[in-house]
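J.: Letter by letter, the chains look like this.
Protein chains: 2
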Amino acid sequence: MTTSPLLEKLIQHFNRFPGIGRKTAQRLAWFVISGQKADAHDFADCIRETVDNFTTCGQCLMLSEGNPCPICSEPSRDDSQLCIVETTSEVYLVENMHEYKGKYFVLGHLLSPLEGFGINDLHLGELVSLIEKRKPAEIILALKPSAEGEATIHYISELLHNQNINLTRLSTGIPFGGELEYTSTLTLANAWKRRYRV
Amino acid sequence: MTTSPLLEKLIQHFNRFPGIGRKTAQRLAWFVISGQKADAHDFADCIRETVDNFTTCGQCLMLSEGNPCPICSEPSRDDSQLCIVETTSEVYLVENMHEYKGKYFVLGHLLSPLEGFGINDLHLGELVSLIEKRKPAEIILALKPSAEGEATIHYISELLHNQNINLTRLSTGIPFGGELEYTSTLTLANAWKRRYRV
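In order, the protein sequences belong to chains A and B. Here the first sequence is numbered in the working numbering, starting from 117 and rising by one per residue. Here the second sequence is numbered in the working numbering, starting from 117 and rising by one per residue.
If we strip away everything but chain A, and leave its shape as in the complex, we get:
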């Protein structure tokens, strides 16, 4: 039986997604082919329409349907706080807390020599310009606690250490609902070191 080049191409498209291996990609491709043609057409149109409409905000570099984005152009948002995140999807995560009323800056990447992302990939020039323009009192580094996140936090704190800004980062520790037994030694040691009075 000759395999279908079209099917193979569709499988490879799915295989490019993060966390989608070959087997899952095959399953997803078959789901597309086996379903209603109209659904697949809607899906294809939706992909096109979304990527055609999303653009990078010239101020915070987040991806949204406008430039400037809805957050940078919202007058009620507070310029005195700036939250630095890795990707736009994390803007949505922070927004979902319904807690933060400041603005954002999207780095696009963390420092990761192994993945080939150096300081020139972090749009730090745009970050410094934005800080000079908005003069935030606090910058919240909402980056993940990993080797890459720590390196990025360290680099940005060095970069901004001369400026009179309160630079903060999210606390690290045992997640709510987490078991001590399944907590990594590094996380446990960190939570121990940062223990606080009850």
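Simulated from the structure, these hints should not be mistaken for laboratory data. Mixed in with the good hints there might be a few duds.
One copy or two, either will do: identical chains are not told apart, so a pair holds if it fits within one copy or between any two.
As a list, the in silico DSS-like pairs of lysine-lysine whose alpha-carbon atoms are at most 25 Å apart [as the list claims (entries may be wrong)]:
no.: 1; residue 1: 153; residue 2: 125
no.: 2; residue 1: 260; residue 2: 139
no.: 3; residue 1: 153; residue 2: 251
no.: 4; residue 1: 260; residue 2: 309
no.: 5; residue 1: 251; residue 2: 217
no.: 6; residue 1: 153; residue 2: 249
no.: 7; residue 1: 139; residue 2: 249
no.: 8; residue 1: 153; residue 2: 260
no.: 9; residue 1: 309; residue 2: 153
no.: 10; residue 1: 260; residue 2: 217
no.: 11; residue 1: 249; residue 2: 217
Starting from the structure of chain A, add chain B where the hints point.
T.: Chain B only, in chain A's frame:
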């Protein structure tokens, strides 16, 4: 921050796929938006082109780029063996063994009252017509050993019991590389019952 209806629609499209929950759907949607527009356009075009070109074979009901499909129209394939599978993707699995030279029939579903699939969803009329036309000596029921698979195997064997056909099914037991410790009691009991001389 207003959420984007376009993004939400794309997330829901991904969420429809089997095994893709809301969180993963969000991750996949962001991957599309964050990547190259050209890649997303290629992906959308590939989906359209694939579903537009794939059609159901009028004989075996498999999805392929031709009707009749490459297997039904291949004269070297043996009409004396008919392998019954649930979905077209399983045709590819059997083909990948490079062992089987017979033909196929795709049921489309297993009997599953819970999921709303009854005997009218199994295209059994088409199956009986195909059997009358091709008169296979053996029918191999390559269906998964689950409640639904067993019910389907039982129903088909009842349906065909008057015909002079060698009706077989795949063996059940402990998979190669499997640990006895992690084998379910049902599988172990079945492997025990079907033990054979070495």
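J.: From the Cα coordinates, with 25 Å as the cut-off, is the pair residue 139 and residue 249 best called within, between, both, or neither?
T.: Neither: 49 Å inside a copy, 36 Å across copies.
J.: Tell me, please, which holds for residue 153 and residue 251 at an alpha-carbon limit of 25 Å: within, between, both or neither?
T.: neither (53 Å within a copy, 34 Å between copies)
J.: My question is about residue 251 and residue 217: at a cut-off of 25 Å on alpha-carbon distance, are they close within one copy, between copies, both, or neither?
T.: within (16 Å within a copy, 73 Å between copies)
J.: Indicate which option fits the pair residue 249, residue 217 if close means a Cα-Cα distance not exceeding 25 Å: within, between, both or neither.
T.: For residue 249 and residue 217, only the intra-copy Cα distance (18 Å) is at most 25 Å; the inter-copy one is 72 Å.
J.: What label fits residue 309 with residue 153 when the C-alpha limit is 25 Å: within, between, both, or neither?
T.: neither (57 Å within a copy, 46 Å between copies)
J.: Check residue 260 against residue 309 for me: Cα-Cα at most 25 Å, and say if that holds within a copy, between copies, both or neither.
T.: within (18 Å within a copy, 53 Å between copies)
J.: Using 25 Å as the alpha-carbon threshold, which applies to residue 260 and residue 139: within, between, both, or neither?
T.: Between copies only: 17 Å across chains, 29 Å inside a chain, cut-off 25 Å.
J.: I want to check one pair: residue 153 and residue 125. Are their C-alpha atoms no more than 25 Å apart within a copy, between two copies, both, or neither?
T.: Answer is both; intra-copy 18 Å and inter-copy 17 Å each pass.
J.: If the cutoff is 25 Å on CA atoms, where do residue 153 and residue 249 land: within, between, both or neither? Let me know, please.
T.: Answer is neither; intra-copy 51 Å and inter-copy 31 Å both fail.
J.: Is the C-alpha distance from residue 153 to residue 260 at most 25 Å within one copy, between copies, in both cases, or in neither?
T.: neither (41 Å within a copy, 27 Å between copies)
J.: Could you figure out if residue 260 and residue 217 sit no more than 25 Å apart (CA to CA) within one copy, between two copies, both or neither?
T.: Classified as within: same-chain Cα gap 21 Å, cross-chain 53 Å, threshold 25 Å.
Hint check: violations occur at hints 3, 6, 7, 8 and 9; the rest are consistent with the structure.
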